[in-house]
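Asks: Letter by letter, the chains look like this.
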Amino acid sequence: MFGWVIVGSALAYIGLLFLIARYADRRAERGRSIIANPYVYSLSLAVYCTAWTFYGSVGRAASAGIGFLPIYLGPTLMAGLWWVVFRKIIRISKQNSITSIADFISSRYGKGLALGVIVTGIAAVGIVPYVALQLDGIATSFALLWHYPDVTSSAVGFTDPFGGTAFWVALLLGTFAILFGTRHLDVTEHHEGLVAAIAFESVVKLFAFLAVGVFVTWGLFSGPGDIFTRAAADADISSLLRFDGGVEEYWDWGWLMVLSALAIMFLPRQFQMAVVENTDESHLNKAIWLFPLYLFVINIFVLPIAVGGRLTFASGSVDPDNLVLLLPMADGQRLLALVAFIGGLSAAASMVIVATVALSTMVSNDVVIPVLLRVRSFRLGERGDVSSLVLGTRRITILSVVLLGYFYFRLTEGALPLVSVGLISFAAIAQLAPSILGGIYWKPGNHRGAIAGMVAGFTVWAYTLAIPTLVESGLMSDALIESGPFGIEALRPFALLGLEGFDPITNGLFWSLLINAGLFMVVSILTDQTPIEQRQASIFVDVFKGASERTQASVWQGTASFVELRSILERVLGSPRADALLMRYAATRGIAESGELEADADLVTFVEQRLAGAVGAVSARALVSSAVEEAVLSRDEVLDVLDETTRVLAYSRQLEQKQRELEQATEDLQNANLQLLELDRMKDDFMSAVTHELRTPLTSIRAFTEILDDNPDLDHDQRSQFLDIILKESERLTRHINQVLDFAKIESGTLEWRMEVQQLGPVVEESLQRVGELLRRRNIEMHIDLGPSNLQADFDRDRLIQVIINLVSNAVKFSDPDQPRVWVTLEQADGEARVTVADNGPGVPREHHELIFEKFQQVADGDSGKPRGTGLGLPISKEIITQLGGRLWIETALGPGAVFRFALPLAISPPADDPGGGEAVERTGTDR
Amino acid sequence: MSARVLIVDDEPNIVISLEFLMRHEGYEVEVASDGEEALELLASFQPDLVLLDVMMPKLSGFDVLQRIRNDAELPNPVVVMLTARGREAEAEKGKALGADEYVTKPFATRDLVAVVHRALEGR
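As given, the protein sequences belong to chains A and B, one line each in that order.
The numbering of the first sequence is the numbering used here, which starts it at 121 and goes up by one.
The numbering of the second sequence is the numbering used here, which starts it at -17 and goes up by one.
Take these hints with a grain of salt, some might be off.
Cut-off 25 Å, straight-line C-alpha distance, at most; resulting in silico cross-link-like pairs (SDA-like, lysine to any residue) [said to hold, decoys possible]: (1) K803/A <-> E1/B; (2) K803/A <-> H99/B; (3) K848/A <-> P39/B; (4) K803/A <-> E72/B; (5) K75/B <-> L557/A; (6) K40/B <-> E7/B; (7) K40/B <-> H6/B; (8) K75/B <-> V810/A; (9) K665/A <-> L557/A; (10) K40/B <-> I972/A; (11) K865/A <-> D844/A; (12) K848/A <-> E1/B.
Derived from the structure by calculation, the hints contain no laboratory data.
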């Protein structure tokens, strides 16, 4: 094929990429992004598929059969976990303006310089050979097309270092990366043109590979059935399609899947595309199934092409890595071969561009700027234009990396199969995994652990994987691999500690990750975190728990000046951008002029975060530190802050407790108040009743007195009748007054008692005599049984008479009006003297049995509806009996009428010669 | 024809005094000792004025007053309430239910007689 056709096509294709990138950037500037959708996002993740996929998969399949698959199965399985792991990383990165994987790790572990440098170093070591691999792929494919049918490796060689295709390709790709990856310094660090171009390239390489696959399967052969039938007939080839290794082969598969699962997240170019360039976290939802689908589709034809190649070319006559190009060429399909070449170019170019941009960000943000800030003589902190320094660093880095890749390519010159270099690079990047995964799920992880783990893991990686490549490429003798260093077999790189029989990758990955993760954990546990690490640890691990900027700021203490903070922002982002940012910040605070902002912890955090977006967390930290008099917060001080929080919480709990107690007290008071109101109402009713009882006799007394006064000529009978009424009502009035007074005395406890041991019978008789007039007038049929006459008790005679009169009066009052009957009994029972007063009235309803003895209570007469008397009789009686050491109660269900009964303890019989004797004991009721 | 006065009270001594006072004034008098009896006599005796005690067995004075004012079958005499309960609220209630006068016990006989005269003249 004519060289100019190939070169022209390649240049035209890259020109197209420039146009697409420019268009996307223009659109972005006008705020109409073409990349902010999940499909472009998913396609941009396909930067994973490099020249290795395009050429190498077929090469590996042709030599190792389905062994090419784990590299794609790992990411496919991992995609299922993205929702858990990747979403968290994206969230953390967005909240903390993370710009690269180095930034992510150093941010998590306290924003120190060392970690950033180590991660950048590991990334560089992983990227440069990989770039070389891509350049190799492009150069080889170019040479193949050009020199076909001479496909020997000598024809592909280059003598002039600056005349070879690879060199110019490297420069071209570097230029593209510089143009679209370092156009300006942006707080979001989004490169829309770049992403658009990468997504486009993903489409092109997929299309190209499918085109070749279809051609081979249906053009050269008659469908997949044909290919595999023929393959099965060939013993050599059919072995490719079988698992015939032992346990070790499954082990190898497993580790390759782990390796690629880690690579899909932590390769710098993947991190760049998936995390840094992510415009919307929700795009991940679609990518979780779209990206595995892409991997599936691009791998469909790998086996048919590989097997077809084996069937077409004699074994060993061609490099299987080139089958994708050779098969169309061999059939004279030059245009298809050109399409395949463009596809391979796409795959290679996208990796080179994204990887170099990602690495350049790390170098500038995590190495150069922080280092320059530390070199005091350089006075970077006071320089005017930090942004041009940052961009300059990045541009130089990009060029350096592509050129380094070129020299590495020249150095090894096709000595390594594509896949091996790819896997070794992957294994280097895998050394970042323990620190990242530990960093987002395990708070105690600290920077010492991370450094120890990574350095040790990387060292093991170098020893077991990188150094042996030097042996393979003939730069070192194979004694190291065969018999170990200094003849120590246990240290053979491919069989460390005697673990033999595995693939070198499995071996190296197993040991490096084991030591890496182990040291990370052990050292983290054994050493302390710095205060800033503690803060970062909780920001990272608890990102979904809403660890906000405010909590970050709360641990910061120090003094800053607004003018200085502003000038730092201006120097990095330029004056207009800095102004706009500060205005926006002021607006969120409800402040009109940014100049009135206070340089408090929140503002410092804000400035640092915005700076971090442009120059990375480490640089931002260093820049802000140069302007801020930072109070170094000791561990104890951080604990103090926490303590204070704890105290405030405890105090608030106490307050809540107090509040509850108050509510309880209020409720109690309300209840008490209700009771008081009820009591008040009852007292009111009582007073009203007492008033009525006093006024009624008074009414008659007054009326008859006036009548007698006004009518002196009344006849004698009438006069004596009226005078008699006046007398009776006066007595009644006196009785009521005495009752009220008694009650008041009992209530206040000032009633006087004249206690005396005496016989009960005579007392009952005297009581009945006193109400004899009443009994006669009402025609009461009395049934009196005083039993044994010698029953004695200790009591106050007058009080007891008062009780008996009261009970009998009640009985009389409530007895049946037509045939009134009252029973009075005195008897001895259970060592007590009992007096019973019963009537044949309506009785007292069961529910009122307790109520009738309560003060202020009057139970309405069931028949008349009208309470009679003051309502004090029974309460007073009960009180008296209680004071005498006895009980007064109403019997239930002893008859139709009411049965009141009281019992007094029997007293020891006094000497027979002194029946009325016994010493009168005077006492007051105050002791009740 | 002299006016007819119905005395309703459960206190016999007070009834005696009221009966004496009313007859002395020349009125025709009937006595009821509770609310139910009062309602019966209202229909048969057709009084011009009722002296009505509040606190009574069976039907209270308020109940009787309410019947008198609400039952179209019953005559509609002047009602003078008598009570020994001294609360303002009672008087208010009596007035609200349609009592013409309200006299608190104990009363001066001359005052009561004057109230009855005035009430009968105001008919």
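Asks: Which of the listed hints are not met by the structure?
Replies: 1, 2, 5, 6, 7 and 11
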